[in-house]
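Novice: Sequence:
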Amino acid sequence: METKRILAIWAALGVLLVLGDEAFAQRGQRPQRFQPSRPTVSPYLNLFRNNNSPVPNYYTFVRPELNQMQVNQQQQQLLLRQSAEIQGLQQNLLQAQTAGPVSGTSSWFQTPGSRSTFMNTGGYFGRAGAR
Numbered sequence: 001m002e003t004k005r006i007l008a009i010w011a012a013l014g015v016l017l018v019l020g021d022e023a024f025a026q027r028g029q030r031p032q033r034f035q036p037s038r039p040t041v042s043p044y045l046n047l048f049r050n051n052n053s054p055v056p057n058y059y060t061f062v063r064p065e066l067n068q069m070q071v072n073q074q075q076q077q078l079l080l081r082q083s084a085e086i087q088g089l090q091q092n093l094l095q096a097q098t099a100g101p102v103s104g105t106s107s108w109f110q111t112p113g114s115r116s117t118f119m120n121t122g123g124y125f126g127r128a129g130a131r
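Position 106 of the sequence shown, counting from 1, maps to 106 under my numbering, and the rest follow consecutively.
Warning: the hint list may mix true and false statements.
Stated by the list, open to error - If you anchor each label on the Cβ, the simulated ranges turn out as follows:
#1 L93 / A11: 49 to 57 Å
#2 F118 / Q74: 48 to 56 Å
#3 Q91 / R33: 26 to 34 Å
#4 L93 / L13: 24 to 32 Å
#5 E2 / R49: 47 to 55 Å
#6 V41 / L13: 29 to 37 Å
#7 S42 / I9: 41 to 49 Å
FYI, nobody ran anything at the bench for these hints, they're computed from the structure.
Here a beta-carbon is modelled for each residue, glycine too, at the ideal position from N, C-alpha and C.
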């Protein structure tokens, strides 16, 4: 009798978890998880690492990690600048699309001029046999 009660409790908890997860999915939100912007552990703790290496721990563990952190920060700044530029271009495109269609009457191909024909090289080369 006791095992049936425990199984019923576990089944009820399972149903609640599934329904709760679907409720978050329907709202389009998931609970936010903590994502630190920097490592939570200092790379300098690697200085106390005991590896029987002739190279000091700073150059094998700490310095590469600091360099990688600097590269990651530069990449993050570049990505932010690029996303801002892309957003600006998208806004310009949206404004151009809402301004209306372009007629093309002021374009270079609509200006009147001399007619030319295909493969007419008379203006570039002299006539054969002409003096």
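Novice: Next step is simple, just say for each hint if it's right about the structure.
Specialist: Status of each hint after checking the structure:
1. L93 / A11: 49 to 57 Å: Distance hint for L93, A11 holds at roughly 54 Å.
2. F118 / Q74: 48 to 56 Å: At 54 Å between Cβs, range holds.
3. Q91 / R33: 26 to 34 Å: 32 Å, holds
4. L93 / L13: 24 to 32 Å: For L93 and L13 the Cβ distance comes to about 51 Å; the hint is violated.
5. E2 / R49: 47 to 55 Å: Since the Cβ atoms of E2 and R49 sit about 52 Å apart, the hinted range of 47 to 55 Å holds.
6. V41 / L13: 29 to 37 Å: Because 35 Å falls inside the window, the suggested range holds.
7. S42 / I9: 41 to 49 Å: Holds, at about 45 Å.
The structure does not agree with numbered hint 4 stated previously, though it agrees with all others.
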